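Peer 1: Here is how the chains run, residue by residue.
There are 2 protein chains.
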Amino acid sequence: MTRLLRLNAFAMNCVGHQSPGLWTHPADRSSHYKDLDYWIELARLLERGLFDGLFIADVLGVYDVYQDSSAAALRQAAQIPVNDPLQLIPPMAWVTEHLGFGLTASISFEHPFPFARRLSTLDHLTRGRVGWNIVTSYLESGARNLGLRQQVEHDTRYDYADEYLEVCYKLLEGSWEEGAVQRDRERRVFTDPARVHPIRHQGRWFQVPGIHLSEPSIQRTPVLYQAGTSRRGRRFAGQHAECVFLASPSKAALARQIRSLREEAVRAGRDPSALLFFNLLTLVIADTDAQAKAKLDDYRRHASREGALALMSGWTGIDLAIYPPDQPLQKVKTQAIQSAVEAFSSSDPETEWTVDALAHWAGIGGLGPLLVGSPATVADQLQVWQEATGVDGFNLAYAIAPRSFEDIVELLVPELQRRGIYKTAYAPGSLRHKLFGQGDRLQSPHPAAHWREVIPQRTATA
Amino acid sequence: MTRLLRLNAFAMNCVGHQSPGLWTHPADRSSHYKDLDYWIELARLLERGLFDGLFIADVLGVYDVYQDSSAAALRQAAQIPVNDPLQLIPPMAWVTEHLGFGLTASISFEHPFPFARRLSTLDHLTRGRVGWNIVTSYLESGARNLGLRQQVEHDTRYDYADEYLEVCYKLLEGSWEEGAVQRDRERRVFTDPARVHPIRHQGRWFQVPGIHLSEPSIQRTPVLYQAGTSRRGRRFAGQHAECVFLASPSKAALARQIRSLREEAVRAGRDPSALLFFNLLTLVIADTDAQAKAKLDDYRRHASREGALALMSGWTGIDLAIYPPDQPLQKVKTQAIQSAVEAFSSSDPETEWTVDALAHWAGIGGLGPLLVGSPATVADQLQVWQEATGVDGFNLAYAIAPRSFEDIVELLVPELQRRGIYKTAYAPGSLRHKLFGQGDRLQSPHPAAHWREVIPQRTATA
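So the sequences go chain by chain: Z and L.
Counting the first sequence from 1 gives a position; this note's numbering is that position plus 297.
Counting the second sequence from 1 gives a position; this note's numbering is that position plus 297.
Hints are computed from structural coordinates only; laboratory data are not their basis.
Careful, some of the hints might be misleading.
One copy or any two copies: either way a pair holds, since identical chains are not told apart in the list.
Below, computed lysine to aspartate or glutamate pairings styled on DMTMM-like, alpha-carbon distance capped at 25 Å [stated by the list, open to error]: (1) Lys592 with Asp481; (2) Lys548 with Asp332; (3) Lys628 with Asp456; (4) Lys592 with Asp677; (5) Lys628 with Glu394.
Predicted, not measured: the structure shown is a model, and the values here were computed from it.
Could you build the full structure based on these sequences and the hints that come with them?
Peer 2: Right, here's the structure in full:
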């Protein structure tokens, strides 16, 4: 059976997102990010194109590594200003019926007790269409403003994340039994108190004795997304993630990452096919290859070199201003540079990867591949990517919004449908059911499901 | 000139809000609180009735003082389950043009750096129609789940609140100068970095060196609401609040509170008329007095005694289950009971205030007065309240939703308009401009305005 390709849209509550400078393009509307009409229109467009979801990235900080200053990021609106992603989702949910929504939220922003209530609320208001992209890190500039001297050491951070998730699971899955809410007007019982349980969590970082404040939502725990690729991050993803975001510019690296993460899922006792993988990707599409190429050239004229380097420097943690623009980076022995350059080199061994080449590559859509051509050309390439890597779908960054998505919905989706590799209607049900076809809730052996049994039992034997 | 009466609607992202048990009434729809359609319909109704705003209360905890258990609260849905208020506002803003929205948020939930971004985002998405009800306390059960052994001591809590607000003001007012955002496509400058300033806050509780993440919104700082009535709470309100919520059952107590708070404003160097006062109030209205009385009787049959006592015990911190239901509480020497009973007694000296009488009073709409009658009868009483107390308007709790608000919009508002004491159209502009008629921004001598000058100056001289 042909595997269907899945499409997510990737955006952020800011200007230009991964394509700094493109806000100067006359057709770009992403600088209207403060206006709900912009988001409503985008949500309707994506639902028309049968996208699985809209993913909203976030950073709680500013890109100030490049030239040791936030000036370049500010000038080019490189993910600054940046607003709260959470508040965009309910209005977009209200005007759609099927589109899923991915919220990016760092476990460092908020205590899990109020945060779990935000997740439940979101799942209620979207009628079970919400995912959570679990972020365990943030920009240094964000950490400083939260009063943290420096980021928690990397591996400890994942131990903290494990406990944070355990608190969320206990609240979302364990505290309120199925059937606790009765809404019985005759007997005058809204909730049966005997079926609501304090979670009695006593951990290293959190003490949460009480009950969850929200009644169970359709999915209880939102669909869990993760993007970690470090060794400890992969273990975390293998244990918790249902969907994984990757940002590999090369097929070889992507295939390797997917294999390794499926192995981690097996190691955690899970079915490796229970994970879906989405790679970052940017598409420039027009009726013909030549027109698409011309469109890309037009976009490139609006891209910002300093904006791209501000983002790249923030992502790698290395001030790329210290290297001459044309110095081949293969010779730079810094590890973060090497791993970036390695991925690029395997995708394009011909290119000499200099700072300028990196800025050129990442200037439109960020670190993922950029595919350019007619609908047929692009569809061919997507099939090659899928076959070569086992990837399940793509997380689509835009060059300019909403036009990049309009091109996909109007030109690419019909082509994919003709080839029988894209759905022609949404499946019914929650986001989780749409993605996996096995109901609304997380199931054993996922660690969340465990607490659905254990918390009520504990109360019974207490 | 006749002073106009102002109306706010008072609700919460839960069932029944201040009228526990009324969810069993066949016409009540508040148990649909998880459904955006319910909120959208409510917002449109209130805008039709020219309400100034919809105020969304919140608690991050459960009412577990009564009988030392959360059972009664759960059974009657007395403010539990309770969802996040923030997420309701953007969709309601999208379907309205003028209605204001008040967000209740405790300064204990979230660090001011991300919280200030939530406020900016909300003000952007509502186009300047948001207020913030600053809560400095919470239920003990909430504190325990945030890992705090006990609530911070009362006066220290206000010192913490002062610093929390200072950080918010610095971020919202000081960090981005007017005109910092240029959106200049020709010169390719989105933001002029020279006009964005790190706030360099070093305080007792917070260290926030950086810049605010959001560009300035229409109001910058949302309209500030406060409800503190303790001595230290009044000082805080006198310094910061633009609107004050009170919940006095008696005219004498209300008049006293308003006088005292205006004096606090003077003490803080502010114009006492720069504060607006809203008293909690519940209205039961029908075409005739007799019909209104019958409507109230019908409501009372659905009210829940144990639900009311769960709320009352939580508010006072005293388990009312320990007193015999008919014991006169005037003889109980506990201070919290005395101050509640005192207010009730001055409003109705005839009644013997027992636990049962308190439950009866507070069972519909909570601690504020309950006015019942035809539109003319109720309008007469509102005018008496206004003249006797100097109150600016009312914060209207519902018996059942949305019907209580429908009755107000359809029956009372036309009557008030006929009397010339209610607006016939919205004023243009932001919520602050609608309320005070002096522009969108806080002005000196309010402490927020100070930072709009000082932060940029500091950078210039650094």
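Peer 1: State for each hint whether it applies.
Peer 2: Here is what the structure says about each hint:
1. In the homo-oligomer, the alpha carbons of Lys592 and Asp481 lie at most 25 Å apart only across protomers (23 Å), although the nearest pairing inside one protomer, at 60 Å, exceeds that limit.
2. Taking identical chains as interchangeable, the C-alpha atoms of Lys548 and Asp332 are never at most 25 Å apart, the minima being 38 Å within one chain and 44 Å between chains.
3. In the homo-oligomer, the alpha carbons of Lys628 and Asp456 never lie at most 25 Å apart, since the shortest distance is 35 Å inside one protomer and 55 Å across protomers.
4. In this assembly of identical chains, the alpha carbons of Lys592 and Asp677 lie at most 25 Å apart only when taken from the same copy (19 Å versus 69 Å across copies).
5. Taking the shortest alpha-carbon separations for Lys628 and Glu394, neither the intra-copy value of 52 Å nor the inter-copy value of 59 Å comes in at or below 25 Å.
The structure is inconsistent with the numbered hints 2, 3 and 5, although it conforms to all the rest.
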